[in-house]
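Letter by letter, the chains look like this.
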Amino acid sequence: MFQKILIANRGEIAVRIMRTLREMGIRTVAVYSDADRAAAHVRWADEAFHLGPAPSRESYLRIDRILEAACAHGAEAIHPGYGFLSENAEFAAACESAGFVFIGPPADSIRKMGSKTAARELAIAAGVPVVPGMRDGAKSPAEAGVFARTCGYPVLLKAVAGGGGKGMRRVDRDEDLEGAFRDASSEAGRAFGDASVYIEKLIENPRHIEIQLLGDKHGHMIHLGERECSIQRRHQKILEECPSPLLASKPEMRQKMGEAAIRAARAAGYYNAGTVEFLVERNENFYFLEMNTRLQVEHPVTELVTGLDLVRWQVEIAAGEKLTIAQEDLAWQGAAIECRVYAEDPDNQFFPSAGKITGLHEPAGPGVRLDSGIYDGWNVPLEYDPMLAKLAVWAGTRNHAIARMRRAIEEYHVAGVQTNLSLFADLVSDEAFVSGDLHTGFLEEFFQRRKAYAADADIEAVAALAAHAARPLTRIENGPAAAPASRWKAAGRDGLLR
Amino acid sequence: MFQKILIANRGEIAVRIMRTLREMGIRTVAVYSDADRAAAHVRWADEAFHLGPAPSRESYLRIDRILEAACAHGAEAIHPGYGFLSENAEFAAACESAGFVFIGPPADSIRKMGSKTAARELAIAAGVPVVPGMRDGAKSPAEAGVFARTCGYPVLLKAVAGGGGKGMRRVDRDEDLEGAFRDASSEAGRAFGDASVYIEKLIENPRHIEIQLLGDKHGHMIHLGERECSIQRRHQKILEECPSPLLASKPEMRQKMGEAAIRAARAAGYYNAGTVEFLVERNENFYFLEMNTRLQVEHPVTELVTGLDLVRWQVEIAAGEKLTIAQEDLAWQGAAIECRVYAEDPDNQFFPSAGKITGLHEPAGPGVRLDSGIYDGWNVPLEYDPMLAKLAVWAGTRNHAIARMRRAIEEYHVAGVQTNLSLFADLVSDEAFVSGDLHTGFLEEFFQRRKAYAADADIEAVAALAAHAARPLTRIENGPAAAPASRWKAAGRDGLLR
Amino acid sequence: MSFNVQIDGRETTLDVRENGAGREFRLGSGEWRRAQVLEVEPGVFSILLDGRSYEARVENAQDGAGVTIGGRRMRVELQDPRRANRQSAGRRTDGPLQVAAPMPGKIVRFLVARGDEVVAGQGLVVIEAMKMQNELKAARPGLVAAIPVREGETVSAGAVLVVIE
Amino acid sequence: MSFNVQIDGRETTLDVRENGAGREFRLGSGEWRRAQVLEVEPGVFSILLDGRSYEARVENAQDGAGVTIGGRRMRVELQDPRRANRQSAGRRTDGPLQVAAPMPGKIVRFLVARGDEVVAGQGLVVIEAMKMQNELKAARPGLVAAIPVREGETVSAGAVLVVIE
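Chains as they are written, first to last, in the working numbering: chain C, 14 to 511; chain A, 14 to 511; chain W, 353 to 517; chain P, 353 to 517.
Warning: the hint list may mix true and false statements.
Here are the computed lysine to aspartate or glutamate pairs in the DMTMM-like style, where the Cα-Cα straight-line distance is at most 20 Å [unchecked claim]:
id : chain 1 : residue 1 : chain 2 : residue 2
1  : A       : Lys152    : A       : Glu188
2  : C       : Lys17     : P       : Asp402
3  : W       : Lys489    : C       : Glu457
4  : A       : Lys250    : P       : Glu480
Hints listed in this document are in silico derivations from the structure and should not be mistaken for laboratory results.
Using the sequences and the hints given, assemble the complete structure.
Written out as structure tokens, the structure is:
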């Protein structure tokens, strides 16, 4: 087993990886930018290496500096975390050719899965369903019409050269197809200089469900079940759960998706931890979306429900150990939910909110797991992802887990920066969320009906009292600059002594 | 189900109970003494009632005031926690006759199990093994000899009227019995005015293993397996685990002990949660010690391994619900360990250490559960038990759980009061502890061989640097009273900008 | 003492008075009531009101306090009515509207040009901060009078990006 | 600057000096080395030394600092040698030994009486605090010269309970 591992990442995921490495008796090397000298992952590492200035491309994205750090500290392996260089095939290859074990899949698998179109071809070849669509552009509205009638409306017209919604049209009926085709084609032509348009089945309000895989270098691969990630804002997951409310009662569907995911991964020569994402229709058809060739942000919900430590297995597998779990050994116990706590202002279009953490109260107690990268007094830097922590809970049932999450959110408080905790408080109290009928458009609908989390009639009186109590005493002109004190504080203590 | 429950307790257990009640949607009523107005359990309760002055007998032990509180707040049930009134049969009876549901066993069961001798008789009648001993005094050394030879040496002579070690003699050989009998008898006569001496088998270095029970009011009772509680200081448990390293590989012994515990509890007409404690010999014979008719401090390790929320079940059962778990539904997954974090000074004979918490960093991350009753800024009062928090971990195996506990202890820091965390750091690194060969004398032996938890050669240099950096700058005479600052702080930042 | 209070935009008054035994308060035209307020941590208040226990966390922001109670966050403005009159006179809502960067970031692109007519809610500029692109919108309709910064520029919090007249 | 240092009772010296590029230190007769020390939270220092990262938490107590690094707690005394000489003259270890209450509590019982000879490690008095009974022991042998308090009495921290000569 390795003696020392470098973690080419920062924030909560660097801390989370370190925790397992420390438990394995492996020394940890942190890397940091100028903005992160005082960061939690540097404080808690055994060793630390300064990469460069704050911007990622001058620090966390510099392959040369990271290899230099691994060399200087005598690390034997490198864990990339998620984000940054984690899905960079060149980095994985550079690690290996410099003599460091890359804790992840082979560079070639990353490459194969890194291109969306290549991954799609690979999935098709492996017999994994993909969203039905034409491989190439349609030569005419008539050819598009044949395909649309075959796969069924609604369909989506897309520019072959496209991106950013240009040349994209939703078509619900056969009679609208021709006009839409001409519009899309001419728009695509203007935008990309290529008027080719192809057609894809439109999946309406799908669920986003993904399968966690674990495979060793000796050819053994298992799936650890699914995660439901349908709660998304701007295509960004913010709440994930295991099991999916849809699959919890459908073991045969889980098995089918698990087997499909394994087929796709095997086709790419995959090993280590990875995730295959699917879109799932209401009729329970599922379609390969992409593969994430790394540890996912939301891996804790799988850990809570399976009892496995994914990071430990990543390291064991990277070290060449055998994955000693058979598919039939796996059991999914209870239910887990994770909320991604971001520094962003829910009252201001969820704008990122950097700054100094001036107060922090973290939830704890039964069934609560917090993976955090912040501390009281830490300055959340501007340069990186605004995720502060992941709050996960486990309970025997999904309903109990939801209640536990609500309780944990109530306990959680971050002062100094705004967070999206109040959004989660309202979300987990939402009836439709509790019913488990989720889809990727869920959050947008939720914002329309969102109700502030219930409170009693006196809450406004209490808020006014607190604001009043927090006012600093009026300073006496020219007097000593006393620390602000509260009148009520004394009053409260008087009350206490009565 | 109840709408509102009063928690007749304080500290971490009051907070822990509140967490479950909040998850159940039940309003919580805290009670508090003068010393606890700012305590965590008051801050986090939905409602609060002031009981009286700080001493327990004027506050937390006042049955009348607690019933008054329940009445004033319209609580329907009362949870006693552990300690204080939790094993007071009179309190249980008073709750019920005042119309409040007591969340615990019937008063009569508490009474029956409250007397050690009565509980022993009850266990014998139920066919549960007790430490072999004579029921009455031996009339002569000869009679004592007959018994001693039957049960086997070593034996213990004890004064029938005794206590505090007076009139107690260990006898290892038949030839020593007569002399020891006369000595013990005359000492007992002088000490208690009653020279009667009886004889009991001496259990050498037993394990302390207890069985958790859960039974409903409809006659269904199950055991939730065991907890190993052999790590004790002054007969006080400080570290507990589930499963017991002894029983982990002996399901038939667990079943036997579980069945014996159920028999004893049934004999007392027991329902709700309760624990039967056993002494276990090296030859795996086990003997009934006593029954704790309440929630135990160490219940989290059982929760972690079974996935059940014991407090939730206590409330369900008290509300008359059926316990819907069959014995065969239970599964014990992985391993859990709990450390009781006390405010006490390990450098000063573990003397209690009260005062203000001036800094707090709590462990978190995978597999860590913290049940705490303190916060940064809280004044740990003198009047109550010095337990600050319970740190529990879960992992797939005992070895992983031990490594995780070590990691969690490293993350945990309490400033302002001394704690026993450093003792636990050394203990979980002890080879004999890791081997799992535990007994109630373990800790005393450990203190003899205790080695400070390993650190590298530079740790002293770092400690000296930190102490140097923490020195306030020398003040300029008559200058402004500046806040203490550190020279190194600036130096560190310079270094950062280089 | 009497205060004008705005709680999440709703206006009311808070009166606070001494009483032989302690402090009393009244919200709006309600009853006089007693509460016990204790600052248990800096900015954290444990409040007992009619036997109920609340924990309120107060953060002072530019425009009043943010108060969080049980996961619910409220914006509370509290003003001595005498000062309030003076201040509100200075807080006018007509005149040019300056759209400022809410935090430091990089200007990705402008969605409008000088001289454009904009409607309320229309996107004006995209700013990137903390790896996320965020669109600033027009709070009210008007004419884009000035764009003092350029695309690609890094701006600090409060920098004026667009002026609407 | 040079300091006398005691770390868990072991004596050594700490030298600290400025160098063009930063700060250097030397422990005992070792090499001069560079370290980066940053106070990340009040009393919490992140220290980088030869590429290794340490987190040291410092609490000031009466007799030096308690420094905790990775769960290991050390007692560190740091003294300017000039002042140290003056102080150690006043810190004598012979003369009467006053056994004081380490914290407020109630005297449960005395295990010795005035005039008793005691040996080092012998129990002197049992004091109850925080629901636990604790025995105070003699640090060295001697004669019990005085017992200034009575059984059942509540004493505050620092109260002298037994004097040994």
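Taking the hints in turn, this is what the structure says about them:
1. A:Lys152 - A:Glu188: holds (18 Å)
2. C:Lys17 - P:Asp402: holds (16 Å)
3. W:Lys489 - C:Glu457: holds (19 Å)
4. A:Lys250 - P:Glu480: holds (19 Å)
Violated hints for the displayed structure: none, as all numbered hints are satisfied.
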